[in-house]
Amino acid sequence: MAVWRPARAVRPALFYAGTTLVCAVVGFPIYWMVASALEPGNLFNFPPRFFPTHPAWANFTHIFTVNPLGRWLANSLFVAAGTMICSLGLGVHAAYGLSRFRSRPVDALGFLMLVGQMIPVTVLTIPFYIMFRSLHLIDTLTGIVIATTTFSVPMCLWMLKGFFDGVPRELDEAALTDGCTRLAALYRVILPAALPGVVAAATFGFMLGWNEFFFASTFLGTETKWVATVGLVTYMGQYFVEWSALMATAFVITIVPAILFLATQRYMMAGITQGAVKA
Amino acid sequence: MRRERRVFAVGLMAPTAAWMLFVLVYPVYVTVRNSLHNVGAGFDPHPAFVGLRNYAALLADPIFWHAVRVTALFTLGNMLGSFGLGLLTALLLHERFHGRPFARTVLLLPWALPQVAAVVVWRWLLQVQYGAFNYVLWRLHLVSTPSVQWLVRPTLGLYAVLMAAVWWQYPIATTFLQAGIESVSVDLYEAAGIDGANGWQRFRHVTWPGLGHVRNVLLLMLLFWSLGQVIIIWTLTGGGPARATQTLAILVYQRAFSDFQFGSAAALATIVLAVALTIGLLYYRLTLQPAREA
Numbered sequence: 004m005a006v007w008r009p010a011r012a013v014r015p016a017l018f019y020a021g022t023t024l025v026c027a028v029v030g031f032p033i034y035w036m037v038a039s040a041l042e043p044g045n046l047f048n049f050p051p052r053f054f055p056t057h058p059a060w061a062n063f064t065h066i067f068t069v070n071p072l073g074r075w076l077a078n079s080l081f082v083a084a085g086t087m088i089c090s091l092g093l094g095v096h097a098a099y100g101l102s103r104f105r106s107r108p109v110d111a112l113g114f115l116m117l118v119g120q121m122i123p124v125t126v127l128t129i130p131f132y133i134m135f136r137s138l139h140l141i142d143t144l145t146g147i148v149i150a151t152t153t154f155s156v157p158m159c160l161w162m163l164k165g166f167f168d169g170v171p172r173e174l175d176e177a178a179l180t181d182g183c184t185r186l187a188a189l190y191r192v193i194l195p196a197a198l199p200g201v202v203a204a205a206t207f208g209f210m211l212g213w214n215e216f217f218f219a220s221t222f223l224g225t226e227t228k229w230v231a232t233v234g235l236v237t238y239m240g241q242y243f244v245e246w247s248a249l250m251a252t253a254f255v256i257t258i259v260p261a262i263l264f265l266a267t268q269r270y271m272m273a274g275i276t277q278g279a280v281k282a
Numbered sequence: 004m005r006r007e008r009r010v011f012a013v014g015l016m017a018p019t020a021a022w023m024l025f026v027l028v029y030p031v032y033v034t035v036r037n038s039l040h041n042v043g044a045g046f047d048p049h050p051a052f053v054g055l056r057n058y059a060a061l062l063a064d065p066i067f068w069h070a071v072r073v074t075a076l077f078t079l080g081n082m083l084g085s086f087g088l089g090l091l092t093a094l095l096l097h098e099r100f101h102g103r104p105f106a107r108t109v110l111l112l113p114w115a116l117p118q119v120a121a122v123v124v125w126r127w128l129l130q131v132q133y134g135a136f137n138y139v140l141w142r143l144h145l146v147s148t149p150s151v152q153w154l155v156r157p158t159l160g161l162y163a164v165l166m167a168a169v170w171w172q173y174p175i176a177t178t179f180l181q182a183g184i185e186s187v188s189v190d191l192y193e194a195a196g197i198d199g200a201n202g203w204q205r206f207r208h209v210t211w212p213g214l215g216h217v218r219n220v221l222l223l224m225l226l227f228w229s230l231g232q233v234i235i236i237w238t239l240t241g242g243g244p245a246r247a248t249q250t251l252a253i254l255v256y257q258r259a260f261s262d263f264q265f266g267s268a269a270a271l272a273t274i275v276l277a278v279a280l281t282i283g284l285l286y287y288r289l290t291l292q293p294a295r296e297a
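The listed protein sequences correspond, in order, to chains A and B.
Residues 4 to 282, numbered by our numbering, are exactly what the first sequence covers, in order.
Residues 4 to 297, numbered by our numbering, are exactly what the second sequence covers, in order.
Hints in this document: simulated from the structure, not taken from any laboratory.
Any given hint could be a false lead.
[Stated by the list, open to error] Quick partial rundown of chain A residues pointing at chain B, CB under 7 Å, derived from the structure:
#1 24
#2 55
#3 70
#4 72
#5 104
#6 192
#7 196
#8 242
#9 248
#10 249
#11 259
#12 261
[What the hints assert, rightly or not] Here are the in silico distance ranges between beta carbons for each label pair:
#13 48/B x 58/A: 25 to 33 Å
#14 107/A x 140/B: 35 to 43 Å
#15 106/A x 28/B: 35 to 43 Å
#16 94/B x 45/A: 19 to 27 Å
Model, not experiment: these values are computed from the prediction.
Positions of the beta carbon are idealized from the N, C-alpha and C atoms, including for glycine.
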């Protein structure tokens, strides 16, 4: 006998309502950034207009004329790519070592890297300022890359190690018996097998470089050398804030890491948890 | 063969070890050394040795103790907020439902934003006259005026910073906890189902204990991410209003680059480093060591 039980229908409905609510609340700030970026004028509307009825696409060209935004983005790209390359270059080898050649000194390095990740950026701004002054790296993008690797190399290393641990050791041995040198075994056999990890670490290194703010805002004095994050914050700090243009700028700066993240989401998330939890 | 293996291992690790000596060990050494000297704005190459006087001055400074309190509050709020929201969303995403991939993307996206972009959005949401956040609160009758001064009133500053920080941080917690929940054996859930356990009982007796290790690691990571959270605080409030969000990590920066007291800043930095090292040791024992003993 089919009895209509309200609980059966109410539960999924409640679940969907709850999920929608959570997604709406959490997603709103991002929606609001996009919607505000498309509003014409200064956004001095009360009550706020929640849907841009006349999207002002011109905002997105306007922001490239009020600020050297193109230049800033190019600088960010340089820092992000530099950070990514350095972290991968160092991280791949050290992570392989940490995965396959455990010993006391190797573990000590692993621990050092762990601690490296945990230091607040501001603590290191001062010594880097002193070091870079004597090395003539103040006001250079190279300096920013160097300083950022303090955080990106450890993170990439731990991510990659998690993925290397997932590659069976038999593969190393098979490659060696086939006459590969140890290094060739790493490059030709292990790396391809751990490709998701390499993608995850590369994305992470890139995002860390792209998001870098403290070193850049402390060491880069010349406006044309600023990276996008510094430019954005300076723009926000101006006396007269043009909110719609500011939102459009924030949106443009977000696109690159957001697309990268969305494209590599699965690997990134696996990488972060593996590297941290299993170790 | 043995020897060749060892040479290879050294070759793998040496470049990274050398690099970290340059970008981590040496800066830390400089910091500790400066903390024992009277380093001012001029960076005198031979500053006077003052022993522990910088530390003594800090411990006698009410601003330091205020920063300790703010750090504790911020850390607690950021950990609990991120963990709570992370657990809620991880449990949601564990269910199979229509639109799950979309919900997953929406829920994880905040973390993909550069922190400064997140701050710009929150500044606009919390804007006094035209901010959407105040408007919504006001329409829901949660506040009596549509112009709550989130970033101006000292009593509200920490809440504003926590909102932005938790919103940006929690997706990592979601990811960890989702991985943790998925690793709980399906058999346990089936057994619980046969025993007639309801949703809460399943969570309380199966999911929660099953999360044990992941939960501990996540809480530790949230702890050091909270201690290291400076971009959101600095760009949203700059440590203000009236020092309301001045954490230790923010104070280090201000001592150095606003007050130009590099010796005092270095002593403060060394204290923060010691705390980070302690957490690091805990973390090490929790993750790396069991792997070696196994």
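Hint check results:
1. Here the hint on residue 24/A is broken, as its CB sits about 11 Å from the closest CB of chain B, past 7 Å.
2. Interface hint at residue 55/A: violated, since its Cβ lies 13 Å from the closest Cβ of chain B, which is beyond the 7 Å cut-off.
3. Annotation: residue 70/A was flagged as interfacial toward chain B, and the flag is violated, the nearest CB pair being 13 Å apart, outside 7 Å.
4. The closest approach between the C-beta of residue 72/A and any C-beta of chain B is roughly 13 Å, which is over the 7 Å cut-off, so the hint fails.
5. The beta carbon of residue 104/A is positioned within 7 Å of a beta carbon in chain B (closest approach about 4 Å), and the interface hint is therefore held.
6. At its closest, the beta carbon of residue 192/A sits 15 Å from a beta carbon of chain B; the interface hint therefore is violated under the 7 Å criterion.
7. Interface restraint check: residue 196/A against chain B, minimum CB-CB distance 17 Å, threshold 7 Å, status violated.
8. Interface restraint check for residue 242/A: the shortest CB-CB distance to chain B comes to about 14 Å, outside 7 Å, so the restraint is violated.
9. Look at residue 248/A: its Cβ only gets to about 11 Å from chain B, farther than 7 Å, so that hint breaks.
10. Interface hint status for residue 249/A: upheld, as the beta-carbon distance to the closest one in chain B is roughly 6 Å, under 7 Å.
11. Interface restraint check: residue 259/A against chain B, minimum CB-CB distance 9 Å, threshold 7 Å, status violated.
12. Checking residue 261/A against chain B: minimum C-beta separation of about 5 Å stays under 7 Å; hint holds.
13. At roughly 58 Å, the beta carbons of residue 48/B and residue 58/A sit outside the given window of 25 to 33 Å.
14. Take residue 107/A and residue 140/B: their Cβ atoms lie about 56 Å apart, and the range 35 to 43 Å is violated.
15. Taken as a hint, the range 35 to 43 Å is violated for the pair residue 106/A and residue 28/B, whose Cβ atoms sit roughly 20 Å apart.
16. For the hinted restraint 19 to 27 Å between residue 94/B and residue 45/A, the CB-CB distance of approximately 42 Å leaves it violated.
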